[in-house]
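Chemist: One letter stands for each residue in the lines below.
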Amino acid sequence: MIRFGHIIIATAVVVNLCAVVSGRHGLPARENTAKIAAPQRFPPPEFESGYDLPPSPAAPHPRQSIYEYIDVAVLLAALILASYLVLKMRSRRAIFVLMVFSLVYFGFWRKGCVCPIGAIQNIVLSIFDRDYAVPITVSAFFLLPLIFTLFFGRVFCSAVCPLGAIQDLVLLRPVSVPDWLASGLRVFAYLYLGLAVLFAATGSAFLICRYDPFVSFFRLSGNLNILIIGACFLVVGLFIGRPYCRFFCPYGVILRQLSRLSRWRVTITPDECIGCRLCEDACPFGAIRKPADEWSATEYVRGKKTLALLILLLPVLILFCGWAGARFKNVTSRMHSTVRLAERIYLEEAGEVEGTTDASLAFRATGREVKDLYEEASGVRGQFAIGGWLLGGFMGLVIGVKLTAVSVWRQRTDYEADRAGCLACGRCFKHCPRERLRLSKKDKAIS
Amino acid sequence: MVRNEIDLWHGHPGRVFPNHRQDADATKAVPPGATTENVLVGLLVGVAIIICVVAVWRLDVTGESGSGLGKQFTYDIKDMAKIDPNLILYEESGRPISTGFAGSSAIVVGPEGSLYVAGDKAVHMFGETGNLVGKVQLTDKPRSLAVSQAGEIYIGMRNHVEVYERQGNQLATWDSLGEKAVLTSIAVSKNDVFVADAGNRIVLHYDTAGKLINRIGARDEDRNIPGFVIRSPYFDLAVARDGLLRVVNPGRHRIEAYTFDGDLEFYWGQFSRSVEGFCGCCNPVNFAILEDESFVTCEKGLIRVKIYDVEGVFAGVVAGPEQLIEGGAAAVCEFPAQGQAVGFDIAVDAKGRVFVLDTVKNLVRVYSRKKAG
Chain S
14 MIRFGHIIIA TAVVVNLCAV VSGRHGLPAR ENTAKIAAPQ RFPPPEFESG
64 YDLPPSPAAP HPRQSIYEYI DVAVLLAALI LASYLVLKMR SRRAIFVLMV
114 FSLVYFGFWR KGCVCPIGAI QNIVLSIFDR DYAVPITVSA FFLLPLIFTL
164 FFGRVFCSAV CPLGAIQDLV LLRPVSVPDW LASGLRVFAY LYLGLAVLFA
214 ATGSAFLICR YDPFVSFFRL SGNLNILIIG ACFLVVGLFI GRPYCRFFCP
264 YGVILRQLSR LSRWRVTITP DECIGCRLCE DACPFGAIRK PADEWSATEY
314 VRGKKTLALL ILLLPVLILF CGWAGARFKN VTSRMHSTVR LAERIYLEEA
364 GEVEGTTDAS LAFRATGREV KDLYEEASGV RGQFAIGGWL LGGFMGLVIG
414 VKLTAVSVWR QRTDYEADRA GCLACGRCFK HCPRERLRLS KKDKAIS
Chain V
1462 MVRNEIDLWH GHPGRVFPNH RQDADATKAV PPGATTENVL VGLLVGVAII
1512 ICVVAVWRLD VTGESGSGLG KQFTYDIKDM AKIDPNLILY EESGRPISTG
1562 FAGSSAIVVG PEGSLYVAGD KAVHMFGETG NLVGKVQLTD KPRSLAVSQA
1612 GEIYIGMRNH VEVYERQGNQ LATWDSLGEK AVLTSIAVSK NDVFVADAGN
1662 RIVLHYDTAG KLINRIGARD EDRNIPGFVI RSPYFDLAVA RDGLLRVVNP
1712 GRHRIEAYTF DGDLEFYWGQ FSRSVEGFCG CCNPVNFAIL EDESFVTCEK
1762 GLIRVKIYDV EGVFAGVVAG PEQLIEGGAA AVCEFPAQGQ AVGFDIAVDA
1812 KGRVFVLDTV KNLVRVYSRK KAG
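Read top to bottom, the protein sequences are chains S and V.
Mapping the first sequence onto the numbering used here, position 366 (from 1) lands on 379, and the numbers just tick up by one.
Mapping the second sequence onto the numbering used here, position 160 (from 1) lands on 1621, and the numbers just tick up by one.
It is worth saying that the hints were derived from the structure and are not from the lab.
One thing to keep in mind: the hints can contain errors.
Claimed, not checked - Pairs of lysine to aspartate or glutamate, DMTMM-like flavour, derived with a Cα cap of 20 Å:
#, chain 1, residue 1, chain 2, residue 2
1, V, K1532, S, D144
2, V, K1532, S, D371
3, V, K1812, V, D1601
4, V, K1831, V, E1783
5, V, K1582, V, D1819
6, V, K1539, S, D371
Note that the coordinates shown come from a computational prediction; the quantities given were computed from them, not determined experimentally.
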């Protein structure tokens, strides 16, 4: 029998393969890319006069391809191990150790790159730009956590993601965030994902990498403002569990949806819930759902009416947000270098600014017509107008679905981990007396 | 210690694991001072969020705020461009000659004293007064040029040599040297033709019929030949009166002397930011040999035309940036691509005049030695 999850896996694999194939076999379509692909006009420079080449400013440094495959192998092994530790062994201690390993390996040693979160952009760009080739290892980094999430829940978040690990380690005095606030804050993650896709699709910027709050820690260098942002996340993370993962992570948005469909997932109790309420406050991420009483007839009728109204309003909300998103095209398109350059050249031509920038100087040196630049920038803005419609519509859909969810009653008789929100950290295991019983039986059996 | 471990793993300081529901409720009782603690936590989180928002706001998303580095890191060559007037031995004589090209590439003085300039898809010949006396039409853009004593014009195209007579009739087309070849200079002696191939970093020795005799300058440690270091498409050569071939090794900032058999005899030149040496990545870009066997060199980037004696000792300056570039030093090489592109060519005649081909304005400036006193 074909499950919905299987369809999702197949779709993800097909999208990924399309990205790889379109990137690898695309023909040069754009002028700038064609220039890059063109043969060198002249042999590359030689430095043989005692000149020491400075170390590459690129971080992390390019690695031998064999190490990239090793990274994929380590990721795969870590995901398998995390799945085992979360679902079978049910050991928070072991998850913690794996988390520290992942932080050291993927974070401090691999400098936080490649990571599945940023890989979203590579995949998107390779779909929209057929000249962009996405490496197979990046595809693997993107795809593996998705597949594991479909089968085992968010095991990637639990112990493999270095961004999650660094936040998990600093969580010392958790305070709970009200559900309504947490749900509202999660909208940022959807917006972040939408913007990241928009900017990647238009070839403007890799937003997720640019604003990665922890990569500066992993590389022990970086922009001061990014370091401050990372430090602020960690300070907030002392009290609010994994704030980046829960409220900003764009990859988490995808994992949340896939985790809803997962074949196996974390359970608080190893066998049955006895309703003891001991796990009620065990989760610092607010991912334990309490048993829900059946609605009264009045509540049910009211909820039904609200739901009907919201469903009717949903298209209006989507259209309105889409329209609003398109209005921002002039702002969002400034992330694209062509639009920025065109605006700068326009200001220089109009005499509204003095002097030149490196970019405007370089443009003038090319001898290109200003009119051509304006036309190109106009085309980019057109892309952002379409992207703005789609992004706005997506946000309208997200908000609409969140509102409708309030009007839907879900029967729940046991305490259980939220399918979407559970990060599979394993903190709740030992709060369950059934788990303690299981462990004591196990200990006795061993002794 | 055990308790600390539990705290770290479970994130609940001091939490015990109650065994029944009543105990669970008991743990939820608000302890004294918890409100103050919560307020402090709230304040801390609030301050962190405000700082975070300010940091996001201050981020230079597009990089247009620049590097933030001080003036000491600015690339400024104004001072280097200033040349002591006492060192300038030449002065511009007459009006510059317009080449008539949109893109000039090479200049040479013929045996009869005419000036040959290559550019676009032609070679133009000018008389003593700068009047156009002849033209040779080509099928492609020429890059280098030489004229034999017999008056045959050797033209280096991108990857092959073409030979013409003065009247414009084509005498020969030599075999292509392949896609990688970039021919930048030709020198002709009585029976030999030398072609500088910047693309392959080699000098090719031909006879006048186009038969390849030898390859000169390839790296060979046994023969103590270090090889040519060429970082931009400028690679000049000439045959001196002492019978040795002179080849610029621009990456090493020197001019090397080779026998026709390819033995490296000696070299001169050194890297220096002062006027006595050659600066930049790769200079000089072109040179010519005067009747008294002294050298006239031309540098790109910081465009300078200078004189060195036969031993390679700095003798003086023909013209500096202020004489060669409108606006002087400030206009020189504003960004790397410009520096790579602008290499002036030079030629000398029997009267000791120096002809500088301005490849930007497509003019030939004529410089004569200042009269003593």
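Chemist: Could you run down the list of hints and mark each one as holding or not?
Modeler: Status of each hint after checking the structure:
For the given pair, K1532/V sits about 40 Å from D144/S by alpha-carbon distance, which is inconsistent with the 20 Å threshold. A hinted pair counts as satisfied when its Cα atoms are at most 20 Å apart, and K1532/V with D371/S qualifies at roughly 16 Å. Between K1812/V and D1601/V the CA atoms are separated by roughly 33 Å; this puts the pair beyond 20 Å, and the hint is violated. Using a Cα cut-off of 20 Å, the hinted pair K1831/V and E1783/V holds, with the two alpha carbons roughly 17 Å apart.
This hinted pair checks out: K1582/V and D1819/V have alpha carbons roughly 18 Å apart, not beyond 20 Å. Restraint check: the Cα-Cα separation between K1539/V and D371/S comes to about 19 Å, which is no more than 20 Å; the hinted pair holds.
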